[in-house]
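Please build the complex by placing chain B on the supplied structure of chain A, with the hints as guidance.
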Amino acid sequence: MKKGELPSKATEVCWALARQTLPSDVVIVGVGTPLAAIAALLARDVLHPNLTVLFGTAIDPKSFDLAASLFDSSVVANCAVGNYSQIEVLDYLARGGVTLQFVSPLEIDRQGNLNVSRVLNDDGTWRRFAGSLAIPDTAALVGRLVAYRVDHDRRFFPDRVAFVSGAAPDDRRLGPRHIGHGALTAITARATVRLGSTPAVLEYQGEREGIEEEFGFSVDIGSACHRAAIPSEVLKALNRIDPLNVRGMEQRSTRDTTIARLLARTP
Amino acid sequence: MPVRSLSDKVATLNDVPSLVTADSLIGIGGVLLRRKPMSLLKSLFRVERNPIRAITFLGGFEVEWLAAHGRIAELTSGYVGLESYGGTPAWNDSLNAGSVVMHELSELMFVTGLRASASGVSFLPSRGAAGSDLAITASLREIECPYTKEKLWAIPALRPDVSLIHAERADRFGNVDAPGIRDFLWDSDLTLARASQMTIVGVEHIVDTDELTAPVLFAHEIDHVIEVRGGAAPTELPGQYLAQRKRILQYLSLVKDGHPCHSAMIESFAEMDA
Numbered sequence: 001m002k003k004g005e006l007p008s009k010a011t012e013v014c015w016a017l018a019r020q021t022l023p024s025d026v027v028i029v030g031v032g033t034p035l036a037a038i039a040a041l042l043a044r045d046v047l048h049p050n051l052t053v054l055f056g057t058a059i060d061p062k063s064f065d066l067a068a069s070l071f072d073s074s075v076v077a078n079c080a081v082g083n084y085s086q087i088e089v090l091d092y093l094a095r096g097g098v099t100l101q102f103v104s105p106l107e108i109d110r111q112g113n114l115n116v117s118r119v120l121n122d123d124g125t126w127r128r129f130a131g132s133l134a135i136p137d138t139a140a141l142v143g144r145l146v147a148y149r150v151d152h153d154r155r156f157f158p159d160r161v162a163f164v165s166g167a168a169p170d171d172r173r174l175g176p177r178h179i180g181h182g183a184l185t186a187i188t189a190r191a192t193v194r195l196g197s198t199p200a201v202l203e204y205q206g207e208r209e210g211i212e213e214e215f216g217f218s219v220d221i222g223s224a225c226h227r228a229a230i231p232s233e234v235l236k237a238l239n240r241i242d243p244l245n246v247r248g249m250e251q252r253s254t255r256d257t258t259i260a261r262l263l264a265r266t267p
Numbered sequence: 001m002p003v004r005s006l007s008d009k010v011a012t013l014n015d016v017p018s019l020v021t022a023d024s025l026i027g028i029g030g031v032l033l034r035r036k037p038m039s040l041l042k043s044l045f046r047v048e049r050n051p052i053r054a055i056t057f058l059g060g061f062e063v064e065w066l067a068a069h070g071r072i073a074e075l076t077s078g079y080v081g082l083e084s085y086g087g088t089p090a091w092n093d094s095l096n097a098g099s100v101v102m103h104e105l106s107e108l109m110f111v112t113g114l115r116a117s118a119s120g121v122s123f124l125p126s127r128g129a130a131g132s133d134l135a136i137t138a139s140l141r142e143i144e145c146p147y148t149k150e151k152l153w154a155i156p157a158l159r160p161d162v163s164l165i166h167a168e169r170a171d172r173f174g175n176v177d178a179p180g181i182r183d184f185l186w187d188s189d190l191t192l193a194r195a196s197q198m199t200i201v202g203v204e205h206i207v208d209t210d211e212l213t214a215p216v217l218f219a220h221e222i223d224h225v226i227e228v229r230g231g232a233a234p235t236e237l238p239g240q241y242l243a244q245r246k247r248i249l250q251y252l253s254l255v256k257d258g259h260p261c262h263s264a265m266i267e268s269f270a271e272m273d274a
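One line per chain: the protein sequences are A and B, in this order. First residue of the first sequence? That's 1 in the working numbering, and the numbers climb one at a time after it. First residue of the second sequence? That's 1 in the working numbering, and the numbers climb one at a time after it.
There could be a bad hint or two in this list.
A few chain B residues facing chain A, derived, Cβ under 8 angstroms [unchecked claim]:
no., residue
1, Ser77
2, Glu83
3, Asn92
4, Leu95
5, Lys151
6, Ile181
Label pairs and their in silico Cβ distance ranges [what the hints assert, rightly or not]:
no., chain 1, residue 1, chain 2, residue 2, range
7, A, Asp123, B, Asp15, 45 to 55 angstroms
8, A, Ser63, B, Ala214, 21 to 31 angstroms
9, A, Ala260, B, Ser122, 43 to 53 angstroms
10, A, Ser218, B, Tyr241, 52 to 62 angstroms
Quick caveat, the hints were computed from the structure, so don't treat them as lab data. Every residue, glycine too, gets a C-beta built ideally from N, C-alpha and C.
The following block holds chain A by itself, in its conformation from the complex:
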């Protein structure tokens, strides 16, 4: 980032996610969400040095070349303390060991239900998406989930999701009990919103006027507060952790150029 330049939306979301961590968290991030990984590494770097970061199955990787890790899966494996097997990591999840996960769903509703599977077309048919990965499991088993999307969109926040991939704890209709608290926070570049209560409460970025119209459910703007500016030491840490701005892959306006730039480095 150049001097005087405002932080990008992806940078804002990264820092907002990092601030959701607690000192003793065990945070897990997926391999397809680089921004979530950067946020976890940032939190460990500037907030909570004892944070445990599970990058997929890699345990507590040291700082590494994030861009290279997108192309070469040995990069993370080689700088981790160790690597869980598939069964070990899922068992660890199942017994409630993971306390925090950053997830990027299609939709999240006012109760905290997550949809990553499908949305309804106007004609009543389903439009299917990539699939749920472990979100149905982590919504029930991880201590707390934080949902995020860089670009704020009202469609991200419906009153009720079209399909419950991962259930909110208060919306359990069948099956085993939740042992985690589910997704009670959602973050975009525009706002951080606490869910699970009516109305939801928020911290906003930019103009406050009209922000309640940007959600599909009622939000309490009476107690809303403005998001604080990102401290300079955090921006410095981000430059260290993510010098090639890999996080830009998750921002609509910079996605294609970021991918093109990263590919230019590929062997």
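Same frame as chain A, now just chain B:
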């Protein structure tokens, strides 16, 4: 004294079509853009074959390739996509047009199903996917723990008829070496193989048993071994070669520009259809 004489399991790609019967439920190894058994999959279609039924933990390029050629009818999986690079247009179009069926499972549902099969039981209990609509679409049944009274899902066994996996090295008897790099989900093929009735493993190199460093699948668990260099390409074999991401993006770019997926796939990956 009797002489130990293990069966030689070496086969060739030409044998694959006859080893995988027409109605088989096929387990596809690898995850996302890693360790996908592309050469074995390609060899299935050396003969006329109906679109296949398959399962894979996390689908990637292989599902897109199958869908672009109309070679898949049904898939059980937790995800199909190209990681950070985007969706799988041929697969998504087929799915939304109703020409393929996807049985979407969560990761815990999928792996618990494989573990049930590998354990020889009809189901295993799980807390995964509590409250999820996926439990409804998968018709999961709830059970009560006889000891604690806790409600749990009974996840049914997931048992492929035959699984196709790709690894670095094996001996001719079917002892498969651990990968040089134990990266993300490197071991998922072990669970898949042990859950399957039959397993065919493609390897970069068939070596003498003495050259294996740390076998993770063993002769009595593997049915056929096929040597095929670059057998996971264009996906990654960690530590051996990278995924061909530029070509995958070229394919996506052609589709974005309006080319039909089928012709874009042939243009981008001509060798896959040679």
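These are the hints, each one checked on the structure:
1. The beta carbon of serine 77 of chain B is positioned within 8 angstroms of a beta carbon in chain A (closest approach about 6 angstroms), and the interface hint is therefore held.
2. The closest approach between the C-beta of glutamate 83 of chain B and any C-beta of chain A is roughly 5 angstroms, which is under the 8 angstroms cut-off, so the hint is satisfied.
3. Nearest Cβ of chain A to the Cβ of asparagine 92 of chain B: about 7 angstroms, under the 8 angstroms cut. The hint holds.
4. Because the closest C-beta pair between leucine 95 of chain B and chain A is about 5 angstroms apart, less than 8 angstroms, the hint holds.
5. With its C-beta approaching chain A no nearer than about 5 angstroms, lysine 151 of chain B sits inside the 8 angstroms limit, and its interface hint holds.
6. Evaluation of the isoleucine 181 of chain B hint against chain A yields a held restraint, the C-beta minimum of about 4 angstroms falling below 8 angstroms.
7. One distance hint, 45 to 55 angstroms for the beta-carbon pair aspartate 123 of chain A and aspartate 15 of chain B, holds here, with the actual separation near 47 angstroms.
8. For the pair serine 63 of chain A and alanine 214 of chain B, the beta carbons lie near 29 angstroms from each other, so the given range of 21 to 31 angstroms is met.
9. Taken as a hint, the range 43 to 53 angstroms holds for the pair alanine 260 of chain A and serine 122 of chain B, whose Cβ atoms sit roughly 50 angstroms apart.
10. Judged by the Cβ atoms, the range 52 to 62 angstroms given for serine 218 of chain A and tyrosine 241 of chain B holds: they are separated by roughly 53 angstroms.
The structure is consistent with each of the numbered hints, conforming to all of them.
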